[in-house]
Amino acid sequence: DAGVIQSPRHEVTEMGQEVTLRCKLISGHNSLFWYRQTMMRGLELLIYFNNNVPIDDSGMPEDRFSAKMPNASFSTLKIQPSEPRDSAVYFCASSLTAGSNEKLFFGSGTQLSVL
Amino acid sequence: AQKITQTQPGMFVQEKEAVTLDCTYDTSDQSYGLFWYKQPSSGEMIFLIYQGSYDEQNATEGRYSLNFQKARKSANLVISASQLGDSAMYFCAMRANAGGTSYGKLTFGQGTILTVHP
Chain V
1 DAGVIQSPRH
11 EVTEMGQEVT
21 LRCKLISGHN
31 SLFWYRQTMM
41 RGLELLIYFN
51 NNVPIDDSGM
61 PEDRFSAKMP
71 NASFSTLKIQ
81 PSEPRDSAVY
91 FCASSLTAGS
101 NEKLFFGSGT
111 QLSVL
Chain F
1001 AQKITQTQPG
1011 MFVQEKEAVT
1021 LDCTYDTSDQ
1031 SYGLFWYKQP
1041 SSGEMIFLIY
1051 QGSYDEQNAT
1061 EGRYSLNFQK
1071 ARKSANLVIS
1081 ASQLGDSAMY
1091 FCAMRANAGG
1101 TSYGKLTFGQ
1111 GTILTVHP
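Heads up: the sequence lines are chains V and F, in that order. Heads up: the first sequence begins at 1 in my numbering, then just goes up one per residue. Heads up: the second sequence begins at 1001 in my numbering, then just goes up one per residue.
Check the hints yourself; a few may be wrong.
Stated by the list, open to error - Below, in silico cross-link-like pairs of lysine-lysine (BS3-like), each with a Cα-Cα straight-line distance of 27 Å or less:
#	chain 1	residue 1	chain 2	residue 2
1	V	LYS78	V	LYS68
2	V	LYS103	F	LYS1073
3	V	LYS24	V	LYS78
4	F	LYS1070	V	LYS103
5	V	LYS68	V	LYS103
6	V	LYS68	V	LYS24
7	V	LYS24	V	LYS103
8	F	LYS1003	V	LYS103
9	V	LYS78	V	LYS103
None of these hints come from the bench; they were simulated from the model.
Pulled out of the complex, with its shape left as it was, chain V reads as follows:
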């Protein structure tokens, strides 16, 4: 079975450019999470969707960040305009349901470098 698929694996861009990260959930999963990982701040939850609806976006750093789920199996995280401090590994993860006993399956991550 295919796991969570993220693209691209690596993204290098210049400050001010728009960046779009993509995520395909595991078929049948209805909860989606976007995390950001840095050395300084560890794993931070950016936003969480359940059944395509954003439940908690309190972790989104600022208005430059936006996330969407246009359908049940796909999500995008957009940064516009990007800044060097956005450089991090961005993970997408999904789970079958929103229950507390459901583990998250993670994608391989996108390594973003903003120059």
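Since the structure of chain V is provided, determine the placement of chain F on it from the hints.
Chain F alone, transformed into the frame defined by chain V:
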């Protein structure tokens, strides 16, 4: 609010020995799940073990076991017979099944880097 604390930034263990990675948590929710993930140098996040807040038995998965002490709010990971391939970052995480904005989200600790020596 949920909080996970991992107080050991780094741990060292000799190959074939057992090691315990500490994790304490704080939540006001009655129903929650505790998870451990492994992140090797390649970067992927690998699920290791799960413990439910109402589970009476400590969870075990092969060489991994979870020492769950609910009254102390601790969920330590025990790795028995350490192998060189166990060298990685280990994250403790909690998912609480509460209403409102915390419903179902997974909160991570800062992680512990484990190094296994031959």
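Hints versus structure:
1. V:LYS78 with V:LYS68: Satisfied, since the Cα-Cα distance of roughly 9 Å is no more than 27 Å.
2. V:LYS103 with F:LYS1073: holds, 20 Å
3. V:LYS24 with V:LYS78: holds, 15 Å
4. F:LYS1070 with V:LYS103: Given that 27 Å is the threshold and the Cα spacing comes to 20 Å, the pair holds.
5. V:LYS68 with V:LYS103: Roughly 22 Å separates the two Cα atoms, so the pair holds.
6. V:LYS68 with V:LYS24: holds, 12 Å
7. V:LYS24 with V:LYS103: Roughly 17 Å between the alpha carbons, so the hint for V:LYS24 and V:LYS103 holds.
8. F:LYS1003 with V:LYS103: Within the cut-off at roughly 18 Å; holds.
9. V:LYS78 with V:LYS103: Holds, because 25 Å separates the two Cα atoms, which is no more than 27 Å.
In this structure, every one of the numbered hints holds.
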